[in-house]
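The sequence shown lines up with residues 503 to 1035 when you count with this note's numbering.
Please note: incorrect hints may appear among the correct ones.
Now the in silico label distances, taken between C-beta atoms and shown as ranges [what the hints assert, rightly or not]: (1) E750 <-> A707: 46 to 52 angstroms; (2) R842 <-> A707: 35 to 41 angstroms; (3) R767 <-> P1008: 40 to 46 angstroms; (4) A530 <-> Q896: 25 to 31 angstroms; (5) E993 <-> G884: 37 to 43 angstroms.
Since the hints were made in silico from the structure, they are not lab data. Backbone N, C-alpha and C fix where the C-beta goes; we use that ideal spot for every residue, glycine too.
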Amino acid sequence: MDDGEHMIDLPSLDELDATCRALWRTGAVGDCRLQALQMIARASAGDDVRAQARGWLHRARCEQFQSAYLDMLESARRAMALLEAGDSDRDLVHARVLACAAATALNRHDEAIEAGLLARHLADDAMHADDRALAAEVLAQAFWWSGQNEAALDSFDTALAQARLLPGAEWPVQLLIQRACAQAWHCIRQDERETDGPSCQAVHATVAEVLRLCESAPGGLHALAQRAGRFQLGWVQVLLTCWRGEAERARVQLASIRPLTQDERPWLDLLAVWAAAEIALKQRAWPAAEASARRVFDEAHRLSHEALAEQGARLLTSLLLVQGKHALALDVARECQQRRVGGHERALPSHARLAQFLATARERDLRLRTRLSLPPDDSLTGLHARGYFLQLAQEMLRTMDLSRARCSVLQIGVTGLHALAERHAPLIRDRVLCAVARLLRETLRAGDLPARWTHDEFAVLLHRSSADDTARVCQRIAEAVLAHDWSALTEGLAVQVSISHAQARPGDTIETLMRRCEDEMRAGRLQHRQIAA
503 MDDGEHMIDL PSLDELDATC RALWRTGAVG DCRLQALQMI ARASAGDDVR AQARGWLHRA
563 RCEQFQSAYL DMLESARRAM ALLEAGDSDR DLVHARVLAC AAATALNRHD EAIEAGLLAR
623 HLADDAMHAD DRALAAEVLA QAFWWSGQNE AALDSFDTAL AQARLLPGAE WPVQLLIQRA
683 CAQAWHCIRQ DERETDGPSC QAVHATVAEV LRLCESAPGG LHALAQRAGR FQLGWVQVLL
743 TCWRGEAERA RVQLASIRPL TQDERPWLDL LAVWAAAEIA LKQRAWPAAE ASARRVFDEA
803 HRLSHEALAE QGARLLTSLL LVQGKHALAL DVARECQQRR VGGHERALPS HARLAQFLAT
863 ARERDLRLRT RLSLPPDDSL TGLHARGYFL QLAQEMLRTM DLSRARCSVL QIGVTGLHAL
923 AERHAPLIRD RVLCAVARLL RETLRAGDLP ARWTHDEFAV LLHRSSADDT ARVCQRIAEA
983 VLAHDWSALT EGLAVQVSIS HAQARPGDTI ETLMRRCEDE MRAGRLQHRQ IAA
């Protein structure tokens, strides 16, 4: 069985894309990531930029679910680099959204807000309300984690306005739950936990709107919100109950919603730990509150959710200061600084990989622009022009492993062309060249790449061609020239062609291959046929 038969059994890139989407929807995150890796490898080998970018998007989503935010940011930025020069605006919106979410978790607020704003501006120019809602939502979260409460609420309002243009109430409910979480965090940051204060009243109003929407929908909250959303709504309700002074009731509520965090993003369970700290704080159970705050600080850092880790550090510091443990509070500040430095060091390999990837993407874009600036076809024969052929052939060679892949080039010369023009007329010479070009198109296989090389020569890149395959192609060309009725152009016309070839080796470029062909064409050291008809 040859390599071509093996290729038939492989799923197409579109099928891999659909498989990734299906696996993601069913929650099979590990399998989705494996398929995404296969999609990236296959798309890279075939130089399919859009499919490669979509593979990186699938991978970024999987890394988000696994709280691997540094890897997620790298994957999203790779997708962005691939998509910047293309026309797939929806994919680029999603790439920027994922980059914004990752940078938010990593506590890189400026980077997150920039990515979110770019996503929103691009989505605003699109026709899809769901993309506009998605971009506004992730930007709202970036504002919320950076402490910009008013900007976050404005962005949530924008997202809600777009979500309400879509059928169903699922997305408005999701956004309202996120808004309630943001408002609750504002209460915590500002230490405005009084239930009759304006900040808590705003949280109550948002929760009431969520419940109203759920009551009017068949299936209620379970039909409109997924497990993570139901947990986050419950978390806000636990905080409100606690802040009303009903600590024991809040503890019971917390126990009832905590199972919802199983098999969800790991950092969600740390919200439950935070709620436990709030309950202990309300009861002035300082050791329990301190232990919970310490756990949020440590576990969020381990999960690379540095934004949540920073909030945990603030809570822990405030608890230590209330207890008069000033030295320990200073230790927490030093630990935060050490972790920030360590985070920068851990990010260095990712930065290096991304820089290399971006440089490669830039080189590819430059090659593409160069190719687009070249005339694609020879005006006489209709075959590829020399410059365009060089670009295409070099890109094909670049994607091959020449230690295993089989590839060769041909050089085909029409001999005595100048004398033919003098004997018969330049018009006959041009017709001969066109006839040879037509014979090449008819004789070569699908995937082979013919071009006009010089005034009287042609070049061909034979894709997936062993030495035996190349010899057979040369024989077919020779037979086609021999069988052609040249007298139809002018009586007594005789045409001769010479063929040389070179087999690709590791390290070859299209220039080195053609140079070997030219050397052997001149010296006649390798296979050289002259056909007279």
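Now the hints, each set against the structure:
Separation of E750 from A707 is about 26 angstroms and departs from the stated range, judged on CB atoms against 46 to 52 angstroms. Checked against the given bound of 35 to 41 angstroms, the beta carbons of R842 and A707, roughly 37 angstroms apart, stay inside it. A hinted range of 40 to 46 angstroms holds for the C-beta pair R767 and P1008, which are about 45 angstroms apart. At about 40 angstroms, the beta-carbon gap between A530 and Q896 misses the expected band of 25 to 31 angstroms.
A hinted range of 37 to 43 angstroms is violated for the C-beta pair E993 and G884, which are about 26 angstroms apart.
The structure is inconsistent with the numbered hints 1, 4 and 5, although it conforms to all the rest.
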